[in-house]
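The chain contents come next:
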Amino acid sequence: MIVVTHPAREAVVITGIGAVTPLGHSFEVIAENLIAGRSGIRSIDPSAFARESHQFAAAVDLIPTPPNGICTIDAEGFVGLTRLEQMVISPVAHAIADAGLAPHRDRLRIGLVLGLGAEQLKMWELDFLSGGRQVFEPLHGDTLVHRVADLMNLRGPAMTVAAACASSGYAMALGRAWLNAGWVDACVVGGCDVLSPTALAAFYNLRALSRRSDDPAKASRPFDRDRDGFVMGEGGACFVLEPLSAAHRRDARVYGELAGVGMSSDASHMVSPCSDPVQATRAITQALADAHVTADEIDYVNAHAAGTPVGDAAEAGAIRRALGAAFDRVPVSSTKSMSGHLVSGAAAFEAVACLAAIARQAVPPTLNLDHPDDQCQLDHVPHVARARSVTVTASNSFGFGGANLCLVIREAA
Amino acid sequence: MHGSIPNAEATSAACGVASHALVEATLAEIPGLREQPVPEGVPALPPRYLRHCDEQTVVGIRAVLAAIAVHPEPRPTFTDYGVVAAPCQAGRIATAQSLAMLRTAGGVAVSPHIVPQCSLHSLAGAVSVALGMHGPNLGSSGGEHAVSEGLFASLSLLAADPSLPGIWLVVSGWTQEPLLDASGKPIDSTPQHALSGPICRALAVALTANEDAVADKGISRHLTLHMPATLRIAHPAAESLGAAAEILDFAVGLAAGPAASWSHNCPWGAEIRLAPRSTVHDGLRAEQRAIPRREAA
Chain A
0 MIVVTHPARE
10 AVVITGIGAV
20 TPLGHSFEVI
30 AENLIAGRSG
40 IRSIDPSAFA
50 RESHQFAAAV
60 DLIPTPPNGI
70 CTIDAEGFVG
80 LTRLEQMVIS
90 PVAHAIADAG
100 LAPHRDRLRI
110 GLVLGLGAEQ
120 LKMWELDFLS
130 GGRQVFEPLH
140 GDTLVHRVAD
150 LMNLRGPAMT
160 VAAACASSGY
170 AMALGRAWLN
180 AGWVDACVVG
190 GCDVLSPTAL
200 AAFYNLRALS
210 RRSDDPAKAS
220 RPFDRDRDGF
230 VMGEGGACFV
240 LEPLSAAHRR
250 DARVYGELAG
260 VGMSSDASHM
270 VSPCSDPVQA
280 TRAITQALAD
290 AHVTADEIDY
300 VNAHAAGTPV
310 GDAAEAGAIR
320 RALGAAFDRV
330 PVSSTKSMSG
340 HLVSGAAAFE
350 AVACLAAIAR
360 QAVPPTLNLD
370 HPDDQCQLDH
380 VPHVARARSV
390 TVTASNSFGF
400 GGANLCLVIR
410 EAA
Chain B
0 MHGSIPNAEA
10 TSAACGVASH
20 ALVEATLAEI
30 PGLREQPVPE
40 GVPALPPRYL
50 RHCDEQTVVG
60 IRAVLAAIAV
70 HPEPRPTFTD
80 YGVVAAPCQA
90 GRIATAQSLA
100 MLRTAGGVAV
110 SPHIVPQCSL
120 HSLAGAVSVA
130 LGMHGPNLGS
140 SGGEHAVSEG
150 LFASLSLLAA
160 DPSLPGIWLV
170 VSGWTQEPLL
180 DASGKPIDST
190 PQHALSGPIC
200 RALAVALTAN
210 EDAVADKGIS
220 RHLTLHMPAT
230 LRIAHPAAES
240 LGAAAEILDF
250 AVGLAAGPAA
260 SWSHNCPWGA
270 EIRLAPRSTV
280 HDGLRAEQRA
290 IPRREAA
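Chains A and B are the protein sequences, given in the same order.
Okay, so the first sequence: first residue is 0 according to numbering that gives the first Met the number 0, each after it adds one.
Okay, so the second sequence: first residue is 0 according to numbering that gives the first Met the number 0, each after it adds one.
Incorrect hints may appear among the rest.
[Unchecked claim] Which residues of chain A face chain B? A partial, calculated answer using Cβ under 10 angstroms:
#1 A74
#2 R108
#3 E124
#4 E136
#5 L138
#6 A161
#7 A198
#8 V260
#9 S264
#10 V277
#11 T293
#12 A294
#13 R385
#14 A402
[What the hints assert, rightly or not] Anything over 12 angstroms on all C-beta distances counts as not near chain A; from chain B, calculated:
#15 A27
#16 G31
#17 P36
#18 G40
#19 A108
#20 P111
#21 D180
#22 G217
#23 S219
#24 L253
#25 A259
Hints listed in this document are in silico derivations from the structure and should not be mistaken for laboratory results.
Where a beta carbon is used, it is the ideal one built from N, C-alpha and C, also for glycine.
One chain only, chain B, in its complex shape (with noise of 0.2 angstroms):
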């Protein structure tokens, strides 16, 4: 059921789709991404950059690596760019391996890394530091609507800062959350299971701010924000799917090819699709030229 809204109006939001990049990983494979060399062409990491970020940090890194692999511009660079990550339950080993630390052994033994390095803001802070990128950095959702949280919080940074050239969304999440022991250490960390073990997945996705600007370089689709024209009764918190399934679903979409179309309704009832860019080009023209409300034939 719905109900009106008196004083709504129809609003929407796009960006452009530079690119993107899947990466997953088992609790076996991360320890060898820590230290894995960048791809050939993609800004190095700091030495042992990556030796005590959380897991998804890890696997969410690579995934912004190898899209700046695939990107449609030689030389891409991301100076102003800004950063959303949202991971789902980030800092879950680390917390567990602190708090054991914690009960047997007194404060003195956390981790001084936990709160910088495996908390919901440190994937965009890590992004933002490795690639030096000087727009705003943010951490996001840290639950089951991490693609909802992060999508919308990219759109929301864009649409707050005009300047802003583009977004480097990355989102993130395991495939099952790992069993620990008693110690915090993963049970299922063994490379015997790591075929049917939990799989970190993360998602990096390109987005660009500016019609005009991405005119040229190569990016044929775009997100779109649509808000929904009726109220929603209540959150419907139960229908996400759970981030790894959402994240790979936006995946496919992505993958799916240029013409391809892929839409994401997001708990509040916004709809967001990604769509060849033609379709949204003249509704973009027509923010762009200051109209205040029109309506593209």
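Okay, chain A solo, but in the shape it has when bound (with noise of 0.2 angstroms):
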């Protein structure tokens, strides 16, 4: 006897928030920054990085530690971790621990979704950079994933997944999906990235990064018509989604509701975005339908924008096909201008951003937009914050393979 059922679908909300990215690691603190137009992008230790022409990046100082009582690892363990393991592991803590929900975690299904494209790439670098041979001799192994939902007791499913510079935005379809389809009662969703000398040097090598090296907070500059490549960053955000009606049961605090997702793929190139960008469109297209808005009813886009010739200029013809007639009258930012880009961590830290613009009643600008492209035509909100009502917003995430990814996040009703 098999057994179909669905329970009625309900508004996924967040009502956690981890973080831990070059403009801050609460909420508050990284909301102020992006409305106040602050810079996280600096120079960095060369020697750290091998190679001496690209200095600069957003880079995070300290991770913190996990608040008391979270996981089974202590302050002294978690200094012993790696910088990606402690990249992981704050987020998922604090966001647990913001949402309220660690009291809970013997009674209910919550599941884990990570959005992590290199997480052994970066695992095999720092051991190898620290003198180790597992690139060379492997084990087999668990990955962050299966161990952080072990140390968090999270018994709901657990999953990695990565798609490019789009990751941890689909892990929080995917943690939408399982709430819509009953199998968790809450679910921890983003994911984070770290700065990595391999990385950077493939970035520079295939000609992705900016080589403004003589003024770093100037060199990310999306949509601007002299950008020339994006600034790598590190960092990333977790999140917890739950039921609207569990929220309230709890009496949690609702940041704002996950109300659509739009995915499709390019199918054209695996670098490179598809100079028609019909995919693009669709995936946005494909979120404001799933979130039942229009076009008109959107308060502010944070686009993709790294800050590549070729990316923006694709993407703001996909905005402003998604968009219609509403395209001049929608404001657009790019707030990777300011955080750098968080490669697998990016889509999740944006949607930080767009909780923010709803919270602070403001649109996030986009820095060094000094000569807006005429490829790149929208309403742009150059150098500073533009104050306005903001109900709902939508987050643009692309990614190598093709991969393009929209979501919606408005204020919960």
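With the hints as a guide, bring the two chains together.
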């Protein structure tokens, strides 16, 4: 006998946030820095990154230790972990604590979906640079997500997903799908990344990175006619998702609703976005339809716009097509101008930016947008934040392999 | 020991299994697979498409092409399909070579292909691009639980987007991880070691979403997901047989014929079962009629 049951679909809301970012580690601090237009991009120690000509990034100095009572590792043990492990464990633990979910872990199916695009590359690299040989003689071992689920006593499904620079957004999409299907009672979702000599060198050699080493804070200039690539960043964010009714029962703080998801693939090229952004447009329109909102109802679009010449122009075209006649009255900005590109963690960080826009009733700016590119015509928000009513936001993320994602995040009812 | 779940409901999902293929290759055979023509009747790959790909991507794409060649539809199209790929420790050889170059020659010597072509997302992206699939593509797992996470991710995407007609699932891994020398070159890649050395194994499975759409297309089996009725105490991470062994187990289940059944336990307690289509038909019909909760007799 087969039983197929589905609970009635209800709003999936965000009740906890944990973050480790170049712009701060709490929602309030990140929101403050985003609305104030502060850049987290600066010079970094070149000796750690083996490239004399690339000495800037959006780095995280100190990763906060997990709150007491959330995971089976103490502060001393946390310090002994690798930087990637710290970067994953910290936001997961802080999200659980922020949501007030810790006391309920023994009786709830809490899932965990992490967007980690290059977990093993980073772990092998960290080991290699400290004298290890794991990359040459590997042992079969568990991936980080299962160890984190164990450390946090999370008893639902656990999964790593990767869609390159859209990874953490796909993690959010899957977590929402699990809740909608009734497979979990709550889900911790998100993702992060760490700066890495290999990744920095590879992206530099791919000519994807900005070469404006003379003034790091000016290097990330999405949509500007003089943009020349992105600036690497590190960090990310995690969220607790749960049904609205469950959040109300627990009297939990609700930051916003993950109201819509759109996903598609260019199927055009492994690295470059398709010059005809029909599939990126489809992801945006799917997300709006999923959220039951029209283009006119969007108050803010957080663009993927990393500052690459081809990518920004293609995305601007996709946004114009998706928004139609509303395109010149929906404000668009790229917070990568401040945070750099958090790669696997970018989509989750930019979801925080959308929640910040809702909380502060202001659209964060695109820094360094001195001369908007004619190919990127949109309602830009250059240099300084724009105060306005923000109820419904959309956030785009695109990645290698032609992955397209759009999330609609709105004020919860 | 299990605890009870006060607000949990029995849930499941299902999808059809249209075709599958298992491809295995030794290190010595993989260079030939990069250049090998595609099977007759299967879409051609772009020229030199597999040149910079990770070994698991090469074998994985060959498995997809082989599965297309035996697909029950005469001219199947996958334009709106999604792709889920779950390789185990993908990109290790390229990473080792990049790290060796980083140390000896600096960042300038690091390959620009390592991130796009040798990461967890790369196999899924390569299948999507090669075969023109516009549904979502994503990598999953990267470790021992590739079969569990790949299957669960596939069912998750199908649940997330009812308009998705199907998913190509590719799971891959090495029977034993190749040993590498200090430059990152495999030590056992010579032909004389080919028979006893590591084997790269990839299984491609075409999963279909909609029962009505597949009813007349020769699809005889379904995968069903059964979530646990009780809470697990912890993630029993050590229970995995290893990705390559679990892939083979799945492939044997698929190859056992239309009347055979197979099941797989995920580390979080869910069970995924392969069964003849008629067994789950009534349950799926119940779901499609939007009856909120019904037990099929």
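Status of each hint after checking the structure:
Annotation: A74 of chain A was flagged as interfacial toward chain B, and the flag is violated, the nearest CB pair being 23 angstroms apart, outside 10 angstroms. For R108 of chain A, the interface hint holds, the least distance from its beta-carbon to any beta-carbon of chain B being 6 angstroms, beneath 10 angstroms. Taking 10 angstroms as the C-beta contact cut-off toward chain B, the hint placing E124 of chain A at the interface holds, the least distance being around 6 angstroms. With a least beta-carbon distance of about 6 angstroms to chain B, the hint placing E136 of chain A at the interface is held under the 10 angstroms criterion.
Below 10 angstroms, beta-carbon pairs count as interface contacts, and L138 of chain A has one with chain B at about 8 angstroms; its hint therefore holds. Hint status for A161 of chain A: holds, given a least beta-carbon distance of 4 angstroms to chain B, under 10 angstroms. Because the closest C-beta pair between A198 of chain A and chain B is about 6 angstroms apart, less than 10 angstroms, the hint holds. Proximity of V260 of chain A to chain B holds as hinted, the smallest CB-CB distance being about 7 angstroms (cut-off 10 angstroms).
The interface hint given for S264 of chain A holds, since its Cβ lies 5 angstroms from the closest Cβ of chain B, which is under the 10 angstroms cut-off. The interface hint given for V277 of chain A holds, since its Cβ lies 9 angstroms from the closest Cβ of chain B, which is under the 10 angstroms cut-off. With a least beta-carbon distance of about 19 angstroms to chain B, the hint placing T293 of chain A at the interface is violated under the 10 angstroms criterion. Annotation: interface hint on A294 of chain A violated; nearest CB of chain B at approximately 20 angstroms, more than 10 angstroms.
Interface restraint check for R385 of chain A: the shortest CB-CB distance to chain B comes to about 32 angstroms, outside 10 angstroms, so the restraint is violated. For the restraint placing A402 of chain A at the interface with chain B, the shortest Cβ-Cβ distance is roughly 6 angstroms, inside the 10 angstroms limit, so the hint holds. Even its closest Cβ contact with chain A, about 19 angstroms, leaves A27 of chain B beyond 12 angstroms, as expected for a residue assigned away from the interface. Once the 12 angstroms rule is applied to beta carbons, G31 of chain B is consistent with being away from chain A; the minimum gap is 22 angstroms.
Its beta-carbon lying about 21 angstroms from the closest one in chain A, P36 of chain B satisfies the requirement of being farther than 12 angstroms from that chain. The claim that G40 of chain B lies off the interface holds: its Cβ sits roughly 20 angstroms from the closest Cβ of chain A, which is beyond the 12 angstroms cut-off. Listed as a non-interface residue, A108 of chain B fails to keep its Cβ farther than 12 angstroms from every Cβ of chain A; the least gap is roughly 8 angstroms. Taking the minimum C-beta to C-beta distance to chain A, about 4 angstroms, the non-interface status of P111 of chain B is violated against the 12 angstroms cut.
Under the 12 angstroms C-beta cut-off, the non-interface status given to D180 of chain B relative to chain A is violated; the minimum distance is some 8 angstroms. Every Cβ of chain A is farther than 12 angstroms from the Cβ of G217 of chain B; the closest lies at roughly 22 angstroms, confirming the non-interface assignment. Under the 12 angstroms C-beta cut-off, the non-interface status given to S219 of chain B relative to chain A holds; the minimum distance is some 16 angstroms. Every C-beta of chain A lies more than 12 angstroms from that of L253 of chain B, the closest at about 20 angstroms, which supports listing it as non-interface.
Non-interface status of A259 of chain B relative to chain A is upheld: no Cβ of that chain comes within 12 angstroms, the nearest being about 17 angstroms off.
Comparing the model with each numbered hint stated earlier shows that hints 1, 11, 12, 13, 19, 20 and 21 do not hold.
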